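Visitor: Now for the letters of each chain:
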Amino acid sequence: EAGVTQFPSHSVIEKGQTVTLRCDPISGHDNLYWYRRVMGKEIKFLLHFVKESKQDESGMPNNRFLAERTGGTYSTLKVQPAELEDSGVYFCASSHGILVHEQYFGPGTRLTVT
Amino acid sequence: QKEVEQNSGPLSVPEGAIASLNCTYSDRGSQSFFWYRQYSGKSPELIMSIYSNGDKEDGRFTAQLNKASQYVSLLIRDSQPSDSATYLCAVRTPDNKFYFGSGTKLNVKP
Chain A
1188 EAGVTQFPSH SVIEKGQTVT LRCDPISGHD NLYWYRRVMG KEIKFLLHFV KESKQDESGM
1248 PNNRFLAERT GGTYSTLKVQ PAELEDSGVY FCASSHGILV HEQYFGPGTR LTVT
Chain B
6 QKEVEQNSGP LSVPEGAIAS LNCTYSDRGS QSFFWYRQYS GKSPELIMSI YSNGDKEDGR
66 FTAQLNKASQ YVSLLIRDSQ PSDSATYLCA VRTPDNKFYF GSGTKLNVKP
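Just so you know, the sequences run in chain order A and B. Using our numbering, you'd call the opening residue of the first sequence number 1188 and step up by one each time. Using our numbering, you'd call the opening residue of the second sequence number 6 and step up by one each time.
This is chain B alone, in the form it adopts within the complex (with noise of 0.2 Å):
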């Protein structure tokens, strides 16, 4: 089992509607969650951290994180073209060791 999952897409979605990325961990002691960013060819930049349970915002992103379900997710409200990217997925275990997903895949279409 993979210490953190994700959807590989593609997500698609059109212009100015909310994209719903979802992310999974295996380590029930995790306790810091990121998401990145990466651009094709580039590297991951990062988006949001998230440490708490509940909803994080920042500007038009949100993180959600749901610690009983072992679930986090990031929102994306008024998507551009050029939120168009692979998105990455990292915990943090109690150990200090980071986790990454593959990462999702999202297509904004104008």
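For reference, chain A alone in the conformation it holds in the complex (with noise of 0.2 Å):
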């Protein structure tokens, strides 16, 4: 069974650019999370989707970060216009149902803001 795979592995931008984090779940998990680790700080909840449905996203720092979670698949979160402060490890985490809470992360996307 493949595990959670997250795209690109790394991206480096310029403050004020567009980037687009892509996430794919282990298949026929339901839950999906986003996730961000700022360096020597502890990985910090961004938000979390049923299926395709926004359950939680009361971690997302502002409106400059948007995700979907398009037929309940793969997630995407883009963040526009990017800030230096967006510098971090982005990962994404997917766990099979509500009464199964063990979730499983992805490799992460190491994001750099210039």
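Keep in mind that the hints were calculated from the coordinates and are not lab data. Among the hints, erroneous ones may be present.
Stated by the list, open to error - Covered stretches of chain A (chain B as the covering partner; in silico rule of three or more C-beta atoms under 8 Å from a C-beta of chain B): (1) 1228-1240; (2) 1290-1300.
Unchecked claim - What follows is a list of derived Cβ distance ranges for each label pair: (3) B/Lys102 with A/Glu1255: 16 to 24 Å; (4) A/Glu1289 with B/Lys114: 29 to 37 Å; (5) B/Glu62 with A/Thr1299: 19 to 27 Å.
For clarity, every value in this text was computed on a predicted model and none was experimentally measured. Cβ coordinates follow ideal geometry from the N, Cα and C atoms, glycine included.
Assembly of the complex is requested from the two constituent chains, each provided in isolation within its own frame, with the hints serving as guidance.
Guide: Take a look at the structure:
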């Protein structure tokens, strides 16, 4: 069974540019989560999808961040326009269902905004 | 106050010893607790989950949960150099949010 995949693995962009991150969850996992880890800090929750619906987006920093999960399969996280403080590692995780809370993480996307 | 607190370490133990990693959490209603291992530059890897008070054993790993004290621990028996990594404690709160500690770095010396 394939694990969670993320693309790209690294992205370097200039302040003001747009970047789109992609996550493909484990097949059959309804729950998809986005997290971010800023250097030296703990992993922080951004949002949670259940299938195609946003269950909780309370962790999204501001309206420059937009997440979608078309058809309840893969998800994208767009940052527009990017700011320096958006730099960090963005992780995606998925889990099977509401009663099963074990989350499996993707390899992450390292975003550097210069 | 952070939702999940961990000592950042590093915790150094000799090969073959027991490594004890600790975590405290602030939301008393939390029900689900997880330990992840993260090698440098890699993603977190789930190694244990625990939901009930007491101990849960899986191979060389034992997770311990004490809800009254809001305390979770991970014991690694017969520590190996390959266990050297950062160990993250994660907690699911009653409102279904997940919080991570900043991690404890473990060094197992050959």
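Visitor: Is the hinted range of 29 to 37 Å satisfied by the C-beta distance from A/Glu1289 to B/Lys114?
Guide: The hint (29 to 37 Å, Cβ to Cβ) holds, given that A/Glu1289 and B/Lys114 are roughly 31 Å apart.
Visitor: Take the region 1228-1240 of chain A, compare each residue's beta carbon with every beta carbon of chain B, and decide whether three or more fall closer than 8 Å.
Guide: holds (count 6)
Visitor: Count the residues of the region 1290-1300 of chain A with a beta-carbon closer than 8 Å to any beta-carbon of chain B: does the count reach three?
Guide: Since 6 is at least three, the answer is holds.
Visitor: Confirm or reject the claim that B/Glu62 and A/Thr1299 have a C-beta distance inside 19 to 27 Å.
Guide: With Cβ atoms ~41 Å apart, the hint is violated.
Visitor: Starting from the hint 16 to 24 Å, judge whether the C-beta atoms of B/Lys102 and A/Glu1255 obey it.
Guide: For B/Lys102 and A/Glu1255 the Cβ distance comes to about 21 Å; the hint holds.
The structure does not agree with numbered hint 5 stated previously, though it agrees with all others.
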